[in-house]
Amino acid sequence: MTPLLSIRALSVEFDTRHGTVHALDRLSLDIAPGEIIGIIGESGSGKSVTAHAVMGILDRAARITGGEVLFQGENLLEMGRRARDGWRGRGASIIFQNPRAALNPIRAVGDQIADVVARHSSLSRRAIRARVLELLRHVRIPDPERRARAYPFQLSGGLCQRIGIAMALACAPRLLIADEPTTGLDVTTQAAIMALIRERAREAGTAVALITHDVALAAGNCDRLAIMHAGHVVEVAPTAAILARPRHPYTAGLLRSVPSLAGSLDQLQAIPGSMPDLRRPDLPPCRFAERCPRRLPRCDAPGPLALTACGPGHLVACRNLP
Amino acid sequence: MTRIGLRVLSAIPTLFGVVVITFLLTRVLPGDPAVFFASNPSMSASDIAAVRENLGLDRPLYDQFLIYLGNLAQGNLGRSIATGQPVAAEFARRLPASAELTLLAFLLAVVVAVPLGLVAALRPGSLVDHAVRLIATLGVSMPTFVSGLLLIHVFYFRAGVLPEPIGRLDPFLFEPARVTGFLTIDALISGEGQVFRAALLQLLLPAVTMALFALAPLARMTRAAMIAALGSDFIRTARAAGLSRGRIVLIYALRNAMLPVVTTMGMVFSYMLGANVLVERVFSWPGIGAFAIDSIVNLDYAPLQGFVLVMAAIFIAVNLVVDIVTVLIDPRAED
Amino acid sequence: MSAPDHPARHKGIFRALRRNPLDLLAFGLFALICLIAVLGPLLVPHDPLATDTAVALQPPSASHWFGTDQLGRDLFSRVVVATRLDLLIALGAVALSMVAGSVLGAIIGYWGGVLDTVVSRLVDVLMAFPLFVLAMALVAALGNSVANVVYATAIVNLPFYIRLARSELRPRRALGYVEAARAGGSGDWRILWRHLIPNIAAPLVIQASVNLGWAMLNAAGLSFLGLGVRPPTPEWGIMVAEGARFIGSGQWWIVTFPGLALMLAVLAFNLLGDALRDLLDPRLRR
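Residue numbers (full-length UniProt numbering), protein chains in the order written: chain A, 1 to 322; chain B, 1 to 335; chain C, 1 to 286.
Some clues are possibly wrong.
Listed below are several chain B residues computed to face chain A (Cβ distance under 7 Å; list not exhaustive) [as the list claims (entries may be wrong)]:
1. Val20
2. Phe23
3. Tyr252
4. Thr326
Incomplete in silico selection of chain C near chain B, CB under 8 Å [unchecked claim]:
5. Asp124
6. Met136
7. Ala141
8. Ala183
9. Gly184
10. Val210
11. Ala220
12. Val240
13. Trp252
14. Val255
15. Met263
16. Leu267
17. Leu271
18. Gly273
Over the 10 Å line for every Cβ pair with chain A, so calculated as not near, a few chain B residues [unchecked claim]:
19. Ile81
20. Gly242
21. Asn298
These are computed hints drawn from the structure, not numbers from a lab.
All residues carry an ideal CB built from backbone N, CA and C; glycine is no exception.
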């Protein structure tokens, strides 16, 4: 099947006062239509930068230095600004963590959804209003007529995230990026939000990229998992395969550090060391090497580290597989 | 809307406090008003005593205050010694001159500063951005009385494109029929194009002088507030939803950025009420500020007292308007 | 970006200064103004008060760098000598309102209660006056003298310091080190002086440095109106006022040079205020 989204050798750098941060290094990842993929990594691993690069909403300080992002075969990075604006919301959309801050504090939430609907359609005022209410019902917001007139500060975090989902789904995008959508919400709300995202996506055939640091959350909700470390995708595989047999030492370490996935409490351990400083000019080809228990001299040999197949649909970037 | 009502009510004690302080300013501080008259050599000790009695200055302080309050309630601000006229009438005559000047200056400042700050925020590091920062720093450092005089030198003496700074209208022209008291508007109402032009030309330099000073804090705050707004999460959401750039900048960012800008406008207005006095002096503008200065020079305390009171009342009203506008922009302020 | 590294703080300040030439300019200008204020009378070629009608209203020349005024006084000498008075008025007013305002604000912030309510209301009322108008009225009421210009400028600024000190102090009342001092038997006054006031000093100093330029403008504005300083004392505001009569007939230099001096001094203070705020306020340092 041809992928919906194909990120190929994407590199992103940030200029800061203290040097250039090599945030993404020749990152490649495919997302199939309708699938739910979890993108997992520690903070600073480049998950959100990847999402922002795909959406075209990187900071001013960020610079794409190479690669391409193909959406249904078309390179988003070469799309004109107008076309890209039109693509956002219809091609792909995104929901963020901290849902209340992600909404305009002084505009009624219904109007904010209506802005998105109006931007991508030529519906009448009345039809837009009807569509907004329909969207609010779809994300199971009780009493939608009243809630449409509310402001974000009058709604709970969970309700704000439902509004965010309604906005993101307003124009039936082919891809929904959910960037830590449940961080900061309480546990029951988290489960409800995840269930809602899955249900809406399955119904409309929308692909979902769930970005999270929470391995258990991703494992419980995704068809495939992609593991990121320091600006690289180190392993991609179907969820069951990766849980059963993680191939990359970082993935293995990550799984051992999660209580609900580690077999028993005495197998629970943290990964030693921390991510390398991405401002370093001498980053090794494998950015995990310095933390890796299986490091060999050839791990440090120059040349890019490629993702290679090691099983059905199972890719890994490692020169010393167990 | 309840908050607006409450805010209006809460202004009342402040206004009362202002009345008390204004009263005390002239009654308790060393400058005894009766002594003011003593500078007039024709006055004898008994004359002074008579004046004291006449003004109620021989009574206990709280009595005097009650009399003062009673007079205020009737719109009586006392009488000017220099002109013999009721102060309130003099203010009514002069207020439009000050108001026309201040409002035009304020308008000019806002119309220039907000777009400047906006452009600077949209292109940080650009030429406009550096220019705005320079203006913001220089503008607040430039005394209005100096910039006013320099503008006169350049535009009246050197270039000769603007009229001599001698008040609101060329003395050879007749004032238009009074409707609003604003000469420019009254001239338009009565259809006198020449008078309108003349009045506007007289108004231009003092208004620009005041606007130059007010520009700086407004542009600076607009820039800062816009940069903050553009960097916030909800702008990222709006961009990710594909909303047009115009809508993002004007409806999403600018409206949010206007909240601190409106507050700054209130502060700027306070500066302008003070700068008014200096600018009116420089341009021989027959407003209430010039009147207050004359009254200080003549040791004429009733106009000064009235002036301080009127200025404080205007400022309280401006702050009230700022609060109301804030409530209208920001639904969070309602609770 | 991150919290300031305290051991290397001075190094950080030095580096920040070098990185921002505008800050360096501010400190340089400020030092220059102080130097001129101190040395003033030693630097000038003419007696600032000596009149000579033979050379009245002369434009700038080799013998009179800034020209002469209507009485033939040398403007350069007058502008230079005036620095001390203008600086002293501004510094005096700001020092007075900073000290009085911080102490008062700290006291009401620490004890709260009725005193707090009363002073806070009074502060609200004072802030309802346009500052310059209130200063004008105060000088008129107190009497027309330089000292009263200082007091008036100090009084109209007082509310800002009271509010700032109060709001900075309040949240610190219950902090660990205060509780520890209290448990150790320190009295309220001792806690206030030894532990709390030193901790709220930084924002107050920043406020004062930002305030200096304004105080100078305020005082010069008052003397421009004929309040405070009296002729023939050299002072920038009053010199501008004297020159105002001649601006319409082309003698621009009488207004321009004292006006420029005033502007430069205020500019220096404003830049200095910004620089100090960036240096002392770690939240803003980047």
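Of all the hints numbered above, which does this structure not satisfy? Sort the numbers upward. 1, 2, 4, 8, 9, 10, 18, 20
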